Amino acid sequence: MALRSAGTVTPQQADNPVARLLPIATTLLATVISIQPAHIPGDAALTPAFTLMAVYHWTIYRPDLLPPLALFLVGITQDLLAGAPPGVTALVLLLARPVVLRQRRHFVNRPFPFVWAGFTVLTGSSILLLWTLHCLLDGVVVDFRGTVFRAVLTISMFPMASFLLGRAQRTLMGAG
Amino acid sequence: MQSGSASAVQAREMIGLSPLRRAAMQRIALPLLVLLSAMMILLGKADQVMFESLRVSVTDTVSPALDVMSRPLAALGRLIDRARDFVAVYQDNRRLAEENDRLLHWQQAALKLASENARLRELLKLTPEPATTFVTTRVIGDPGGAYVRSLMVHAGSENGVERGQAAVTGEGLVGRVSEVGSRAARVLLITDLNSRVPVIVEGAQQRALLTGDNSERPCLRYLDAGAGIKVGDRVVTSGQGGVFPPGLPVGVVASLDGEAPRVEPYVELSRVEYLRIVDYGLAEGLPKPVPIASRSGRRADPLAGTQLGRR
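So the sequence lines, in the order shown, correspond to chains A and B. According to the numbering used here, the first sequence is numbered sequentially starting from 622. According to the numbering used here, the second sequence is numbered sequentially starting from 2.
Be aware that one or more of the hints could be misleading.
[What the hints assert, rightly or not] Derived Cβ-Cβ restraints for the label pairs, each shown as a range:
| id | chain 1 | residue 1 | chain 2 | residue 2 | range |
| --- | --- | --- | --- | --- | --- |
| 1 | A | LEU785 | B | GLN108 | 21 to 31 Å |
| 2 | B | THR137 | A | PHE770 | 46 to 56 Å |
| 3 | A | PHE770 | B | TYR275 | 24 to 34 Å |
[Unchecked claim] If you want the ones that stay clear, here's a sample from chain B, every Cβ over 10 Å from chain A, calculated:
| id | residue |
| --- | --- |
| 4 | THR60 |
| 5 | ARG187 |
| 6 | GLY229 |
What the hints contain is simulated information worked out from the structure, not anything from laboratory work. For clarity, every value in this text was computed on a predicted model and none was experimentally measured. Note that beta-carbon positions come from the ideal geometry of N, C-alpha and C, so glycine has one too.
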């Protein structure tokens, strides 16, 4: 596939069936972590968008293993679990995919700050879109500070998520 | 490894999906799924009850996993708490000693009032309040978003939880049960955009509606002009509407600026680990919740199912 030739992604022969499930499994795990109660003192009841981190990582490195259908199902699951209007997260994740795919060559095999900068732009626009959708659906202007804070939290926690996902990818898929 | 991928390729060939056709399918799949999501959003908006059973069954299925995963996180949170407590032990001790003195005084007052109250009730032949039963349960999910304020608890209809029951902690009101599965339930917090709680501001004895707006502090609506409420006034449930019994502590008035006074809840809602779901015997009086209608801030009949008030 043309996408594969854009960077030095793990050669397919190194994949085993378990490794091929890694992107979907970690994205689902991120979804479940997003709705875990955080008993951290002083926490402002806001959880970073972990699912977006996993989706971004895998769309850059293995888009073939996180197809649109998986994004749709993950998004719907997150909305249903969070008690949010179903479809909102799915829509945001699905729209993020072509955007990231188009810019993918800027991130694959580049130093981490490039990847992080790309994520910053993606998070900013995704969370803004999410906020707009919620405002439209609820018919009120939802407090914008919470949204900004959540974006900052998500961007600042991305390096850790990226490191963990990269480690898992290298361990199970052999290279990367 | 080699054999694994070989078999995957084989399998793909068997179901007749060449990489080219796969790519083509993915190209169609994306816009189709985007459209489907948009349709789901619109459908969900038009008919809010439609996805409820789906939501309940997903929550039910995932609840055991959530329960297991939330335990180490809760333990970590407790560890951090303990470390903080250790640092603050001297101040805490002094504060608690002072508080204890004050509470002992209040205990005497409460005992006196309790016996007086019992005597007066007997005199008045007051109908006893409905018996209350409760289930204590762990919080297993907290979406913590800026858009929805709810908690998931590990108790459902199997444990006697029903829609409309009150969720409380020792400090005060947390919210009410909005969805019930067999093993898990969702509690709508008093800070959620869709939460409306009829309350009384003590001191001024003013009735109001506590409305959430997804911020940490819900606001008081439908107050009389010049109601004379002050910062620090206690806010308790009024029992109107029949969802909550009268007198449940909710919070204190925290600020009077802005268009409506804001209330600081007694319960630190982002840090609740255990909840009590209480059946005050009022749930039957609850009209079927319709989120859109409740947003207008009124219930169909504010006095439906109202219990004998204490005041």
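Now the hints, each set against the structure:
In this structure, LEU785/A and GLN108/B break the distance hint of 21 to 31 Å, their C-beta atoms being roughly 52 Å apart. Separated by about 32 Å at the C-beta atoms, THR137/B and PHE770/A break the suggested range of 46 to 56 Å. Distance hint for PHE770/A and TYR275/B: a CB-CB separation of about 27 Å, consistent with the stated range 24 to 34 Å. With 10 Å as the threshold on Cβ separation, the claim that THR60/B sits away from chain A is violated: the shortest Cβ distance comes to roughly 6 Å.
Residue-level check failed: ARG187/B sits 6 Å from the nearest beta carbon of chain A, not beyond 10 Å. With 10 Å as the threshold on Cβ separation, the claim that GLY229/B sits away from chain A holds: the shortest Cβ distance comes to roughly 29 Å.
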